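**Student:** Here's the letter readout for the chains.
There are 2 protein chains.
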Amino acid sequence: MSSSPQRRLHLNAFLMAIGHHEAAWRLPESDPNANLDIKHYISLAQTAERGKFDSVFLADSPVLFSNPERRPSGKLEPTIILTAVSAATEKIGLIATASTSYNEPYNLARRFASLDFVSGGRAGWNIVTTAGADAAQNFGLDDTPAHRSRYERAAEFVDVSTKLWDSWEDDAIVADKDVAIHADSAKVHVIEHEGRFFKVRGPLNVPRSPQGYPLLVQAGSSEDGKDFAARYSEAIFTAQPTLDEGKAFYADVKDRVAAVGRDPEQVLILPGIVPVIADTEEEALELEAELERLISPEYARKQLAARFNLEPEQLPLDEELPDDLPSEDEIEGAKSRYTLIVDLARREKLTVRQLIGRLGGGRGHRTFAGTPVQVADTIEHWFRNGAADGFNIMPAVLPSGLEKFVDSVVPILQERGLFRTDYTETTLRGHYGLPRPANQFAVEKDSTLVSAQ
Amino acid sequence: MSSSPQRRLHLNAFLMAIGHHEAAWRLPESDPNANLDIKHYISLAQTAERGKFDSVFLADSPVLFSNPERRPSGKLEPTIILTAVSAATEKIGLIATASTSYNEPYNLARRFASLDFVSGGRAGWNIVTTAGADAAQNFGLDDTPAHRSRYERAAEFVDVSTKLWDSWEDDAIVADKDVAIHADSAKVHVIEHEGRFFKVRGPLNVPRSPQGYPLLVQAGSSEDGKDFAARYSEAIFTAQPTLDEGKAFYADVKDRVAAVGRDPEQVLILPGIVPVIADTEEEALELEAELERLISPEYARKQLAARFNLEPEQLPLDEELPDDLPSEDEIEGAKSRYTLIVDLARREKLTVRQLIGRLGGGRGHRTFAGTPVQVADTIEHWFRNGAADGFNIMPAVLPSGLEKFVDSVVPILQERGLFRTDYTETTLRGHYGLPRPANQFAVEKDSTLVSAQ
Ligand SMILES: Cc1cc2nc3c(=O)[nH]c(=O)nc-3n(C[C@H](O)[C@H](O)[C@H](O)COP(=O)(O)O)c2cc1C
Ligand SMILES: Cc1cc2nc3c(=O)[nH]c(=O)nc-3n(C[C@H](O)[C@H](O)[C@H](O)COP(=O)(O)O)c2cc1C
Numbered sequence: 001m002s003s004s005p006q007r008r009l010h011l012n013a014f015l016m017a018i019g020h021h022e023a024a025w026r027l028p029e030s031d032p033n034a035n036l037d038i039k040h041y042i043s044l045a046q047t048a049e050r051g052k053f054d055s056v057f058l059a060d061s062p063v064l065f066s067n068p069e070r071r072p073s074g075k076l077e078p079t080i081i082l083t084a085v086s087a088a089t090e091k092i093g094l095i096a097t098a099s100t101s102y103n104e105p106y107n108l109a110r111r112f113a114s115l116d117f118v119s120g121g122r123a124g125w126n127i128v129t130t131a132g133a134d135a136a137q138n139f140g141l142d143d144t145p146a147h148r149s150r151y152e153r154a155a156e157f158v159d160v161s162t163k164l165w166d167s168w169e170d171d172a173i174v175a176d177k178d179v180a181i182h183a184d185s186a187k188v189h190v191i192e193h194e195g196r197f198f199k200v201r202g203p204l205n206v207p208r209s210p211q212g213y214p215l216l217v218q219a220g221s222s223e224d225g226k227d228f229a230a231r232y233s234e235a236i237f238t239a240q241p242t243l244d245e246g247k248a249f250y251a252d253v254k255d256r257v258a259a260v261g262r263d264p265e266q267v268l269i270l271p272g273i274v275p276v277i278a279d280t281e282e283e284a285l286e287l288e289a290e291l292e293r294l295i296s297p298e299y300a301r302k303q304l305a306a307r308f309n310l311e312p313e314q315l316p317l318d319e320e321l322p323d324d325l326p327s328e329d330e331i332e333g334a335k336s337r338y339t340l341i342v343d344l345a346r347r348e349k350l351t352v353r354q355l356i357g358r359l360g361g362g363r364g365h366r367t368f369a370g371t372p373v374q375v376a377d378t379i380e381h382w383f384r385n386g387a388a389d390g391f392n393i394m395p396a397v398l399p400s401g402l403e404k405f406v407d408s409v410v411p412i413l414q415e416r417g418l419f420r421t422d423y424t425e426t427t428l429r430g431h432y433g434l435p436r437p438a439n440q441f442a443v444e445k446d447s448t449l450v451s452a453q
Numbered sequence: 001m002s003s004s005p006q007r008r009l010h011l012n013a014f015l016m017a018i019g020h021h022e023a024a025w026r027l028p029e030s031d032p033n034a035n036l037d038i039k040h041y042i043s044l045a046q047t048a049e050r051g052k053f054d055s056v057f058l059a060d061s062p063v064l065f066s067n068p069e070r071r072p073s074g075k076l077e078p079t080i081i082l083t084a085v086s087a088a089t090e091k092i093g094l095i096a097t098a099s100t101s102y103n104e105p106y107n108l109a110r111r112f113a114s115l116d117f118v119s120g121g122r123a124g125w126n127i128v129t130t131a132g133a134d135a136a137q138n139f140g141l142d143d144t145p146a147h148r149s150r151y152e153r154a155a156e157f158v159d160v161s162t163k164l165w166d167s168w169e170d171d172a173i174v175a176d177k178d179v180a181i182h183a184d185s186a187k188v189h190v191i192e193h194e195g196r197f198f199k200v201r202g203p204l205n206v207p208r209s210p211q212g213y214p215l216l217v218q219a220g221s222s223e224d225g226k227d228f229a230a231r232y233s234e235a236i237f238t239a240q241p242t243l244d245e246g247k248a249f250y251a252d253v254k255d256r257v258a259a260v261g262r263d264p265e266q267v268l269i270l271p272g273i274v275p276v277i278a279d280t281e282e283e284a285l286e287l288e289a290e291l292e293r294l295i296s297p298e299y300a301r302k303q304l305a306a307r308f309n310l311e312p313e314q315l316p317l318d319e320e321l322p323d324d325l326p327s328e329d330e331i332e333g334a335k336s337r338y339t340l341i342v343d344l345a346r347r348e349k350l351t352v353r354q355l356i357g358r359l360g361g362g363r364g365h366r367t368f369a370g371t372p373v374q375v376a377d378t379i380e381h382w383f384r385n386g387a388a389d390g391f392n393i394m395p396a397v398l399p400s401g402l403e404k405f406v407d408s409v410v411p412i413l414q415e416r417g418l419f420r421t422d423y424t425e426t427t428l429r430g431h432y433g434l435p436r437p438a439n440q441f442a443v444e445k446d447s448t449l450v451s452a453q
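The listed protein sequences derive, respectively, from chains B and G.
If you're matching positions, the first sequence starts at 1 in UniProt numbering and goes up one per residue.
If you're matching positions, the second sequence starts at 1 in UniProt numbering and goes up one per residue.
You may find that some hints are simply not true.
The list treats identical chains as interchangeable, and a pair is accepted whether it falls inside one copy or across any two copies.
[As the list claims (entries may be wrong)] Here are the simulated BS3-like cross-link-like pairs (lysine-lysine), alpha carbons at most 25 Å apart as the crow flies: (1) Lys91 with Lys39; (2) Lys39 with Lys177; (3) Lys39 with Lys302; (4) Lys177 with Lys404; (5) Lys91 with Lys254; (6) Lys39 with Lys254; (7) Lys302 with Lys177; (8) Lys349 with Lys247; (9) Lys52 with Lys91.
Think of the hints as simulated: they come from the structure by calculation, not from any bench.
Nothing here was measured: the structure is a model prediction, and the numbers come from that model.
Work out the full structure, taking the sequences as your base and the hints as a guide.
**Tutor:** Encoded structure:
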């Protein structure tokens, strides 16, 4: 409502079960089965809402990741979790991940429209293509479809979904009891989509939802991934370990957005940060070191080796990475994350053991141990220097890391005028300052009037 | 806990948006958009829980049914609705419909396991094969797969699902922080399923849920449908318009259950009843007549004609059904419902208009207008005469019809000792008196011990 609005940053809380650090569950304070406890997620979301966060977010993949010995690996389905969370919160946005490779558009579009209704306009979809042969093998395939082909399917999947979400015009429902007409059937459209991957007749069996459709979020950062994001997404999660890389990514993606004719201000870039916060720097570093000590290097080495198409023995723990690693082109999984990890190890000359320590926290995201002021300074610095429109906050340990952020960092950001002190909107799109999308099937009423005169 | 337990009946509340009568939304009392309002479903479930019902149930199909002009046609996805309901209730079971023809087992098994966790063991799955070309056309097909083939896929779908639900043994999670072992990987199994319709590696990414797996419910009543129910289901919904037909169905299904080696007492048969209740018989009949008057016959005739593979003009409103209707064999949709409707019309010599009036209420289920005592008498009569283990209560108008049932019929059933006065169990299986299923992958511990001695 202010007449000279200061640019404000956005905050998303990335809720990863017991914390983003893989050893978080081993801390004395942690409930090691909280990943299956809906009360845990509800309480985390309530904490984030107390901190006026724009949204909470749940990652996902339709597969049992890694070795169940290593850490809590059971994951409830995100739209189910967020529906339960919606009942216990009022304002905060709810972003669920779902795969375009292993779902049908009709089912998924409907599920997100339903979540948008149930939450009163707070649903968001993190669109992922799902890397990995293990996921593919749960869906009749022997191996993951090629990276390029996954993104082609994702593009058509989103096209079909927006058509389905638009298949009811906003004013289709008249609910006139006297004349016995519930909806105006001229405003409910079959979509008759026929493409390379999908053939879908429509209409959706859910009318247009409060936000029109869920906020579209994406996190690809390969070339194909960035092009997809530029074309479709409204918010972008990304892992950027240094400010320079963050600035380059930010500029690159905003250029791509402009190049496809969209407004770069309406695509928000949210790098991840894994803050380990304590009242003194010393305590923060101590907590970080304790978490590193709790990692079991054998599990982590196995996973790292799989990412590199190597055997674990080819990665001696106290040596640097071998010189002859495959190039990004040879990786069909998460290409950009692969390159990021190799670059990080080479740049900082890390041994495999050290690299594992770094990845155990943020898996390539910027980890940062420090005081509340130091964390706020970093956030402000990135925000003011063309690297971020906001941040994806990935606490190493949950719930304590999120509570600490909300109680100690948020007030500093608020004092500096960088972050809202209360919600002014009721929908997820509203929090991010994004418009409700127009309906592609709605007749242009004004122009009809004009041409009829 | 009693030593001579009286046989008790079970009650399920079939929540159909604004009521089972297609014209319910036109009554002055009705909110015509309640079908999209989560508070409506929450309040209905709370009413059913106040009445100590075993469960609430939501039907579903992944398609926009019928003409959106005719009645409220938008439907939120059932597992989303029931997750929100679970947060606002304590004990009542939550049964969602989902299609085996248009889902992937990995995704659906996970969704139901998640609902079972979130609700503390209250999830049930109404397994349907989804008739109709219009649904097929939302999933890349031109027409519905053949009836037989849909049931074959359904059988394999349930086999894959139970394997996935069993892929974690109940004691797989050890969560030992000291030795850094979260789950015992020897108790987490790949399933390596390879069949005619599905190839699924597993394990599921959700551990075994409170009930082991959701209560399996089914409602087929063709020959294939009854065989499927006998083999897989634990509770069976069915439309039986007369006591004799109800008894024949009951005996037939229990025989089939015994024939496949299962215990007939552990498969509960729940015919549907559409009670229109008022304090006097006259008032009840008046309400029924008012609802019939509110039906628009043209929409209904169109739907009836489609069921018979005819044009609407071939069904004059004030004549009986034509003699030369197709036989059940020629129907690829809902075979048994087709036959039921034809038999009803012929038996009672109904005109098309009269038939439409009858179907508008219960679509072939037993409709019954009467006083609370009359409704309770009917229920008791069916229950004591080998036609039912309980009832699927399908109020013509919601919420008022459910409130009336809970406040006036339930107390009578309780006084007669036929129905619980409070919950004694916490899970859906518990309410229905059914055991938690054994895990097909669990090593027989006792026999191992014996052979080791
Ligand atoms: C913060 C963040 C969250 C992500 N969450 C998921 C997820 O939940 N599921 C998934 O399959 N991929 C997830 N990804 C991976 C991305 O979708 C993408 O595959 C990855 O960044 C590699 O980019 P590329 O696919 O363009 O190569 C995430 C990435 C980031 C940065
Ligand atoms: C009470 C009841 C509820 C039903 N709910 C659904 C439903 O939600 N979705 C669906 O596709 N079919 C539903 N059906 C239809 C049955 O699943 C089944 O297809 C039908 O009874 C015909 O039997 P058949 O398939 O063996 O021929 C229901 C049937 C009954 C009796």
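**Student:** Any hints from earlier that this structure breaks? Give me their numbers in increasing order, please.
**Tutor:** 3, 5, 6
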